[in-house]
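Colleague: Chains as they are written, first to last, in the numbering used here: chain A, 2 to 301; chain B, 370 to 784; chain C, 22 to 301.
Wrong hints could be hidden among the right ones.
As the list claims (entries may be wrong) - Think about it this way: if two alpha-carbon atoms lie no more than 25 Å apart in a straight line, the pair counts; the simulated PhoX-like pairs of lysine-lysine are:
| id | chain 1 | residue 1 | chain 2 | residue 2 |
| --- | --- | --- | --- | --- |
| 1 | B | Lys409 | C | Lys197 |
| 2 | B | Lys497 | B | Lys694 |
| 3 | B | Lys677 | C | Lys246 |
| 4 | B | Lys542 | B | Lys677 |
| 5 | B | Lys758 | A | Lys135 |
| 6 | B | Lys677 | A | Lys135 |
| 7 | B | Lys518 | B | Lys409 |
| 8 | B | Lys740 | B | Lys497 |
| 9 | B | Lys615 | B | Lys605 |
| 10 | B | Lys737 | B | Lys694 |
| 11 | B | Lys740 | B | Lys730 |
| 12 | B | Lys758 | B | Lys605 |
As the list claims (entries may be wrong) - To be clear about the criterion: a stretch of chain A counts as covered by chain C if any three or more of its residues have a C-beta under 8 Å from a C-beta of chain C, and this derived list gives those stretches:
| id | region |
| --- | --- |
| 13 | 19 to 33 |
| 14 | 112 to 122 |
| 15 | 126 to 134 |
| 16 | 158 to 170 |
| 17 | 199 to 206 |
| 18 | 273 to 285 |
To be verified - Estimated spans, in silico, between C-beta atoms of each pair:
| id | chain 1 | residue 1 | chain 2 | residue 2 | range |
| --- | --- | --- | --- | --- | --- |
| 19 | C | Arg288 | B | Gly609 | 18 to 28 Å |
| 20 | A | Ala192 | C | Trp75 | 32 to 42 Å |
| 21 | C | Gly26 | A | Tyr151 | 29 to 39 Å |
| 22 | B | Ala734 | C | Leu155 | 46 to 56 Å |
| 23 | C | Leu131 | A | Leu148 | 47 to 57 Å |
| 24 | A | Thr100 | C | Leu51 | 17 to 27 Å |
| 25 | C | Leu155 | A | Arg107 | 51 to 61 Å |
| 26 | B | Ala767 | A | Gly247 | 19 to 29 Å |
| 27 | C | Leu70 | B | Gly662 | 25 to 35 Å |
| 28 | C | Arg288 | A | Gly247 | 37 to 47 Å |
| 29 | A | Pro218 | C | Trp75 | 49 to 59 Å |
| 30 | C | Val282 | B | Glu613 | 25 to 35 Å |
| 31 | A | Met63 | B | Gly435 | 32 to 42 Å |
| 32 | C | Leu131 | A | Ile34 | 42 to 52 Å |
Calculated directly from the structure, the hints in this document are not laboratory data.
Note that beta-carbon positions come from the ideal geometry of N, C-alpha and C, so glycine has one too.
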Amino acid sequence: MARAGRAPWLTLQRREAIEAWLFVSPTLIGFLIFFLGPLIAVVFYSVSEWNLLSGEQVFVGMANYHDALRENPDFWHVIRNSVIFAIGLVPLNMALALTLALALSRPFRGVVFFRTVFFAPVVTSAVAWAIVWKFLLQGEGGTVNALLGYVGIDGPNWLREPDWAMAAVIVTRVIKMVGLNMILYIAALQAIPRDYEEAARLEGASGWQIFRMVTWPLLAPATLIIMVITTIGSFKVFDHIYLMTGGGPENGTLVLAYYIYEQAFEFFNVGYASALAMIMFVIVLALTIVQLILRQKGAA
Amino acid sequence: MRAAKTRLTVSLLALCLASGPALAENLRFTVWTGNEAHLKMLNGIAEGFEAAHEGTQVTFETIPAGDYVQKLTFQLAGGNPPDLGWMFEDSMPAFVAAKAVEPLTDVLENTEGYDLADFSEPAMGLWKKDDEIYGVPFSTSPFMIFYNKDMFDAAGLEDPLTLAEKGEWNMTKFREVAKALTRSGERVWGFEFKDGQGYDTRIMHAVMPPIRAYGGDAWANGACGFDQPEAVEAIKTLHGMVFEDKSIVPPGEQGDYFSGSSAMTINQISRASKMPEAGFAWGVAPLPSGPAGEAPVIGQAGLVVFAKSDQKELAKEFVAWMTNKENVAVMAQFFPPARASVLDSDAFTDANSLIPAEQMKNVAAAIKNGKVLPSHQRAPQILAAQKPKFDALWRADADVEASIQAICAAIKPQL
Amino acid sequence: MTQRGLERLKRAMWTLSLSVLAIPFVFPFLWMVSSGFKSATEIFGQPTLIPRVWRWTNFVEVFQYQPFAQQYFNSLYIACLVTVITLVLSSLAGYALARMRFAGAGLLMLFLVSALMVPEEVTIIPNFFLMRWLGLMDTHGPLVLLPVFGPHGVMATFLMRQYFVALPKELEEAGKMDGLSRIGIWWRIALPMSRPALAAVAIITFLFSWNLFLEPLVFVSSLEKFTLPLALSNFTDAYGLPLWHLQLAATSLAVVPILIVYLIAQRQIIESFAMSGVKG
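So that you can see chain A by itself, here it is in the shape it has in the complex (with noise of 0.2 Å):
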């Protein structure tokens, strides 16, 4: 009996195996193809100096790898930009998507309009985004600095001067990708149970006091997460800077994967471009290692 009851419970194990398996292959399968097999290749790719145009390929070991961090000097220019505009970028962008969350987590009249209103960048292509904010940002001639014109700004060249481009291209992206974060923190306010503000109000705590020592410590989970997104987000800005400002002026605004791009695309350096590329994915392994970390030791 023992045994008769035993052998079909394991077959309808292995089956449902089976039948597992089969539902994940074709992302599985495709994953592979299109995703980690490339990720593998570049690795291969890195240790060759191959030009698109002629076709030749030449093993040539760590060069690229000592190009890039010792001999060439755009490189670090390069890293020290990416990391200007994430830490640029990533705060304003937090700081700015929190303040909304919490002007918009409760319901009042045109509250609906508001969230709408801030969150419509987001579904907007980056491409638009970046060619209507190149008109708006010109010299003499942009509406932003006739709009500053009327109360009494001088506004600069935005994107023809280095450190006003990195500005200018920092705080576009932010305006293009707040509305995202600033949901998603509505979302974490609004799982917040009301008792504990209610019980920390009852006890006399102002609003910001309320802040600091309620919500605060509450919204830290969806904190990490956001900064996570956003951090990783902001090393894979390509089509932006593209089109607003090819990298330029002074290369003040090259960043990583806009480097990459014109190493491979532009140049034709395929492998100088893939130890690069490796390079980045190295960083952002890093960074979102080094995040997990804190998420443990802030749980623990």
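Using the hints provided, position chains B and C relative to the given structure of chain A.
Modeller: Frame of chain A; chains B and C shown alone:
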């Protein structure tokens, strides 16, 4: 019954034989123009070739100019190579070095009635390497000054063409009239760089004409020429015009000549096709002369056959066809020729429906006496290396000489 | 009375500051549409929100300079195709990961999710050679395959899994009793119950594909195969000169329909993104 069967077989066979050649040759030809008139002319030239080569069909494929080299390279590297195409002068050396284009000398020398010697030597210089011809220029177009005659008349100034006839059209005069025509505050400038892109993609087109007029050069012969006294003087003049006189449309601004916000611009005559819709009287004049006298600057574009094509021989024949005397004369309505015989003919000066023959004579003269823009095997890298340094130069508070030193320092490793 | 007045004043202040803050979010859209009606000269003249001369012809010329209708259609059909395939594959895989017990499920999950950290810039170079080998250069193939199987597809799978996990099991158990196969349960029971998740995946995937830029830039070279974002960045005349007014008219044509759909379905769309963000 049997007879009928045989007949059927025979006629089927005949059908197969007849349709054989018709299946075959399709030449893919990449161009960067999408202009209907251009394409009509090109297709007209192709029809003659198709008539002579039964079963051949030539298709012109437009790739936008801005992405031309990139997309072309993708097609070549991506296993979908076109057979032949247009090529920019500054991309040519890299393509030759990568062996991506075919040598054409044999075919051109052996095509009957082609007369290779008709192409002037300077015009061919860019398209040759080690005595082997890799491309044939189809457009050899000098940079000219386009001016808004209405604006000159309104200001009571003599226009550049008149000044040129009197021999007074030089850099000093150029700076003077540009300043006089500028109305700051009203967004009207005296001069605009080529297509308003002189600070970005057309840096060389902005600085080369004055540099040559002052007797300098950019990066010929493996040395940086920007820091030579002549070039420095030329760049200082431009810088002064942009930031002191404010007579040249500054960086980050749009002062479109074609819509009447700049009195002059520099461009090639193909751009005259934009003039009819501009709605003002206009003219074409030579470049202002400088201390080194007249120094016309020429931009070229050529025809090449790609090494990856599987119909190279046919493609080469088509190049020879397209650039024979007859067809060069046809193309002269849009693209100034490099063939001396066509250049000297009235057909050329009369060919342009927009520019009067008088002014076309200046164009012909400029083609004969002009020098092409500097080129280099690593031109894309050089241009990319100098771009950020030029960005630094084009600022009001820039130290011009230091910026020029920085430009040279940046491009020296590439030379 | 004063207490209520104070409250009202405070609220008015909030609304006012939110309105000021909203300017840079709204203005670009207004400016874009209004400039689409202007001539090139007017765009660079004194900024006005209402065009002095309405140039309707801009919107006609847009279609003359590029095969814009074809490009519009390309974007539309690619986005639909990507959406449908992603829905099917992600819900299949997501269902298996959520409901079925098999060895290696946990590892597979971790493996897939790690893809979310890898920017597409890293894999685009080998994918270029892969697509060349597959003969898919200058076709729409890569624009379908890469979003479906890349990090975005993984995100969709993960989102579906999270949703299935939270669904009550009873109905599925009942289905099993009635003799439904696994695929039957997935199709007849699990999918109908997960409409919100499917809608979320559909919306995000559609927009993702619609706005894709790097992949078309690298893989597509003929004008008539361009997608909208590429076409917009390429509004130049025969000489490579930017046609500002046409570019803005075309940009309006590309953005406004999406914006209208968004305004109609804003709640659903915003919730979709909230779901994907929190869970992905």
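Colleague: Compare the structure with each hint and give your call.
Modeller: To see whether the hints hold, each was checked on the structure:
1. B:Lys409 - C:Lys197: 68 Å, violated
2. B:Lys497 - B:Lys694: 20 Å, holds
3. B:Lys677 - C:Lys246: 23 Å, holds
4. B:Lys542 - B:Lys677: 51 Å, violated
5. B:Lys758 - A:Lys135: This hinted pair holds, its Cα atoms lying about 22 Å apart.
6. B:Lys677 - A:Lys135: Violated: Lys677 of chain B and Lys135 of chain A sit about 39 Å apart, past 25 Å.
7. B:Lys518 - B:Lys409: 32 Å, violated
8. B:Lys740 - B:Lys497: This hinted pair holds, its Cα atoms lying about 16 Å apart.
9. B:Lys615 - B:Lys605: The given pair, whose Cα atoms are some 13 Å apart, holds under the 25 Å limit.
10. B:Lys737 - B:Lys694: Since the Cα atoms of Lys737 of chain B and Lys694 of chain B sit roughly 17 Å apart, the hinted pair holds (cutoff 25 Å).
11. B:Lys740 - B:Lys730: 17 Å, holds
12. B:Lys758 - B:Lys605: This hinted pair holds, its Cα atoms lying about 15 Å apart.
13. 19 to 33: holds (count 10)
14. 112 to 122: Held - the region 112 to 122 of chain A has 9 residues with a Cβ nearer than 8 Å to chain C, which meets the minimum of three.
15. 126 to 134: holds (count 8)
16. 158 to 170: violated (count 0)
17. 199 to 206: Our answer is that it is violated, as 0 residues pass the Cβ test (under 8 Å) against chain C, missing three.
18. 273 to 285: holds (count 7)
19. C:Arg288 - B:Gly609: 18 to 28 Å: 59 Å, violated
20. A:Ala192 - C:Trp75: 32 to 42 Å: 49 Å, violated
21. C:Gly26 - A:Tyr151: 29 to 39 Å: Roughly 32 Å apart at Cβ, these two residues keep to the hinted range, so it holds.
22. B:Ala734 - C:Leu155: 46 to 56 Å: 54 Å, holds
23. C:Leu131 - A:Leu148: 47 to 57 Å: Check passed, 50 Å falls within 47 to 57 Å.
24. A:Thr100 - C:Leu51: 17 to 27 Å: 24 Å, holds
25. C:Leu155 - A:Arg107: 51 to 61 Å: Distance hint for Leu155 of chain C, Arg107 of chain A holds at roughly 53 Å.
26. B:Ala767 - A:Gly247: 19 to 29 Å: About 20 Å separates the Cβ atoms of Ala767 of chain B and Gly247 of chain A, which means 19 to 29 Å holds.
27. C:Leu70 - B:Gly662: 25 to 35 Å: The hinted range 25 to 35 Å is violated for Leu70 of chain C and Gly662 of chain B, with Cβ atoms some 52 Å apart.
28. C:Arg288 - A:Gly247: 37 to 47 Å: 38 Å, holds
29. A:Pro218 - C:Trp75: 49 to 59 Å: 56 Å, holds
30. C:Val282 - B:Glu613: 25 to 35 Å: Roughly 53 Å apart at Cβ, these two residues miss the hinted range, so it is violated.
31. A:Met63 - B:Gly435: 32 to 42 Å: 36 Å, holds
32. C:Leu131 - A:Ile34: 42 to 52 Å: About 20 Å separates the Cβ atoms of Leu131 of chain C and Ile34 of chain A, which means 42 to 52 Å is violated.
Taken one by one, the earlier hints fail for this structure at numbers 1, 4, 6, 7, 16, 17, 19, 20, 27, 30 and 32, listed in ascending order.
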